[in-house]
Amino acid sequence: MTSADAAPGPSGTPDVWRATDAGSREPRARRLRALVVAVLVASLAVGCSTSSAGGTGGGTSAAGGSTVTVLAAASLSEAFSDLAGRFESEHPGVRVRVSFGSSSKLAQQVAQGAPADLVALAGTTVLAQLPEEAQDPARRTIVARNVLEVATPPDDAAGVSGLADLARPDVAVVLCVETAPCGSAADEVLGRAGVTPNVVSREVDVRSTLAKIALGEADAAIVYHSDVVTAKGRVRGVPIPAALNTTLDYPLVRLTDDVHPAAFAALVSSPAGEAVLVDAGFLAP
Amino acid sequence: MSIDSRPASAGVASPLRSRTSLIVPAAVGVALVVVPLTALLLRADWAALPQHLAAPTVWPAVRLSLVTTTTTVLISLLVGTPLAWLLARATGRAATWLRAVLTVPLVLPPVVGGVALLLAYGRNGVVGAPLDEILGVTIPFTPVAVVLAEVFVAMPFYVVAVEGAMRQVDRRYDALAATLGASPWHTFARVAVPLATPGIAAGAALAWARALGEFGATITFAGNFVGTTQTAPLAVYTALEQDPEAAIALSVVMLTVSVVVLGALRGRWVR
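So the sequence lines, in the order shown, correspond to chains A and B. First residue of the first sequence: 1, per this note's numbering; consecutive thereafter. First residue of the second sequence: 286, per this note's numbering; consecutive thereafter.
Calculated directly from the structure, the hints in this document are not laboratory data. The structure displayed is predicted, hence computed values, not measured ones. Every residue gets a Cβ at the ideal spot worked out from N, C-alpha and C, and that includes glycine. Just so you know, not all the hints are guaranteed correct.
Stated by the list, open to error - Which residues of chain A face chain B? A partial, calculated answer using Cβ under 7 angstroms:
1) Lys105
2) Val177
3) Val200
4) Ser201
5) Arg202
6) Glu217
Claimed, not checked - Label pairs and their in silico Cβ distance ranges:
7) B:Asn409 to A:Gly113: 49 to 55 angstroms
8) A:Pro131 to B:Leu383: 50 to 56 angstroms
9) B:Pro415 to A:Lys232: 26 to 32 angstroms
10) B:Leu307 to A:Ala263: 49 to 55 angstroms
11) B:Val411 to A:Gly113: 42 to 48 angstroms
12) A:Val229 to B:Ala375: 53 to 59 angstroms
13) A:Ala272 to B:Leu404: 35 to 41 angstroms
14) A:Gly93 to B:Val412: 38 to 44 angstroms
15) A:Gly113 to B:Pro479: 52 to 58 angstroms
16) B:Val364 to A:Asp155: 34 to 40 angstroms
17) A:Ala128 to B:Thr355: 49 to 55 angstroms
Hey, can you work out the whole structure from these sequences and the hints?
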């Protein structure tokens with residue numbers, strides 16, 4: 001920067017500047033500079049608040065206090081959107097921001113310093129990916145449980161009546177990616193059933209897996225029972241026998257100690273919160 | 286050292302200060318691009334790089350990316366070059382509209398492109414349903430879907446670049462070729478294409494780079510399966526969930542490949 005400053009260059013023509021700048025341009029240039037400085041200061045301030053929040057493992061008070069940031073497993077989309085709306089109407093002035101995704105992706109985001117107050121995960125295995133201080137059992141509550149289910153398009157053109165049909169070569173099966181809890185749980189169930197399915201794609205989270213079925217692009221998928229319930233007829237569910245199925249606990253982890261996140265966590269665990277989750281197809285914890 | 290040897294008079298911005306006010310935003314611009322790339326190189330665990338790259342998902346992803354992006358460039362050359370030539374010589378409202386439509390993928394979010402592709406070539410799609418019914422051919426979840434997604438997002442870059450180059454070809458050459466008895470095809474192949482070669486190379490490089498980076502349309506339309514539809518960017522995204530180090534290693538490889546290819550082309554054709 002300094003060497004460029006010092007280099008006169010062929011375009012350094014002060015006469016032109018003198019001729020035009022002396023008049024009305026100078027205030028405008030000064031205003032522009034002020035604007036540039038303001039933008040820089042603002043962006044620095046934003047950068048600092050984000051990094052400090054990330055450094056302490058999440059927090060929202062930096063930006064003004066009344067926003068609760070929640071990261072939640074994709075399968076919780078409807079239930080947590082509903083609960084966030086309820087919380088906002090019960091606590092005027094407090095905003096709840098919920099971001100949904102695959103649990104392992106969310107855990108990675110927290111580990112990389114994403115500023116969040118709460119994270120709700122599908123299954124307890126992904127807890128290991130959280131930062132050490134967030135792995136303290138005292139910081140989490142199991143808020144729901146879920147089981148797996150086979151999902152097919154409503155017309156079930158392929159005729160899927162159980163896990164065994166997933167091994168048929170004419171049945172195109174979509175599963176979650178191995179790293180997502182729904183993917184590893186599906187592999188576990190398929191292994192137990194001794195079924196090797198014709199997998200055509202491993203989607204990044206349970207909702208994109210479900211979408212491939214709802215759009216009719218694949219014949220069967222293994223998703224959560226709650227996904228079939230919230231899909232409301234857009235897919236058809238085929239239960240998996242309990243002996244082969246697996247149950248996932250959904251932990252809600254408190255990453256910060258602020259009052260509003262704690263209140264939101266309390267709402268999720270309350271009877272009203274449990275009712276919302278059960279309506280969305282989850283099992284009570 | 287100062288470049289302003291004149292006495293600074295009131296109300297006149299010195300060239301030094303004026304240039305600083307340009308350099309500061311320019312430096313911010315440079316930082317916005319360079320900082321993330323540098324961070325990638327700094328964070329990479331170079332000692333463990335070979336080990337991460339030996340992971341079973343890496344080579345299939347790189348190979349699939351190379352095969353599909355090369356196919357995409359070949360398709361762009363075969364159908365995009367004549368298209369660019371016709372557009373370069375076309376006048377009238379239809380050409381303007383066609384140009385606008387072909388530019389849409391440049392600005393469309395790739396995920397939206399993926400949804401559009403699904404609605405066209407999916408099993409229930411406008412084209413996909415008859416294909417499935419009559420020929421028993423399904424496109425989603427196959428490498429063909431990956432190529433279709435890449436062509437959709439990348440070919441417009443090629444057409445725009447080549448059309449620009451072909452517009453520079455003097456119209457008098459067309460006329461001259463015609464008076465010498467050359468057919469339109471002959472004029473295209475022997476006059477337009479040779480003269481537009483630098484533009485064709487630049488367009489091919491652009492299209493290739495865009496296809497290599499394609500993510501949204503691919504994951505939406507083609508799915509994500511190792512060996513058949515998981516391209517390198519999808520492998521990076523998938524690895525990030527469990528093994529960020531492996532994702533960084535693969536990212537470094539993609540960065541290297543991109544820089545090498547663009548660098549090689551830069552010396553020859555792309556300026």
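C-beta pair A:Gly113, B:Pro479: status relative to the range 52 to 58 angstroms that was hinted: holds, 55 angstroms
Hint says 38 to 44 angstroms; check whether the CB-CB distance for A:Gly93 and B:Val412 agrees. violated, 52 angstroms
Under 7 angstroms is the threshold here; is the Cβ of A:Lys105 close enough to any Cβ of chain B for the hint to stand? holds, 5 angstroms
For the hint 26 to 32 angstroms, verify it against the beta carbon of B:Pro415 and that of A:Lys232. holds, 30 angstroms
Holds or violated: A:Val200 as interface residue toward chain B, Cβ cutoff 7 angstroms? holds, 4 angstroms
Holds or violated: 49 to 55 angstroms for the Cβ distance of B:Leu307 and A:Ala263? holds, 50 angstroms
Holds or violated: the 42 to 48 angstroms window for the beta-carbon distance between B:Val411 and A:Gly113? holds, 45 angstroms
Could you check the hint for me, namely that B:Val364 and A:Asp155 are 34 to 40 angstroms apart, CB to CB? This hint holds: roughly 37 angstroms between Cβ atoms.
Would you settle whether the hint for A:Glu217 is holds or violated, based on the nearest Cβ-Cβ distance to chain B being less than 7 angstroms? Status holds, d = 5 angstroms.
Does the hinted range 35 to 41 angstroms hold for A:Ala272 and B:Leu404 at CB? This hint holds: roughly 40 angstroms between Cβ atoms.
Is it true that the C-beta distance of A:Pro131 to B:Leu383 lies inside 50 to 56 angstroms, as the hint says? 54 angstroms Cβ-Cβ, so the 50 to 56 angstroms window holds.
Restraint check, 7 angstroms cut-off on beta carbons, for A:Arg202 near chain B: holds, 5 angstroms
Taken one by one, the earlier hints fail for this structure at numbers 7, 14 and 17, listed in ascending order.
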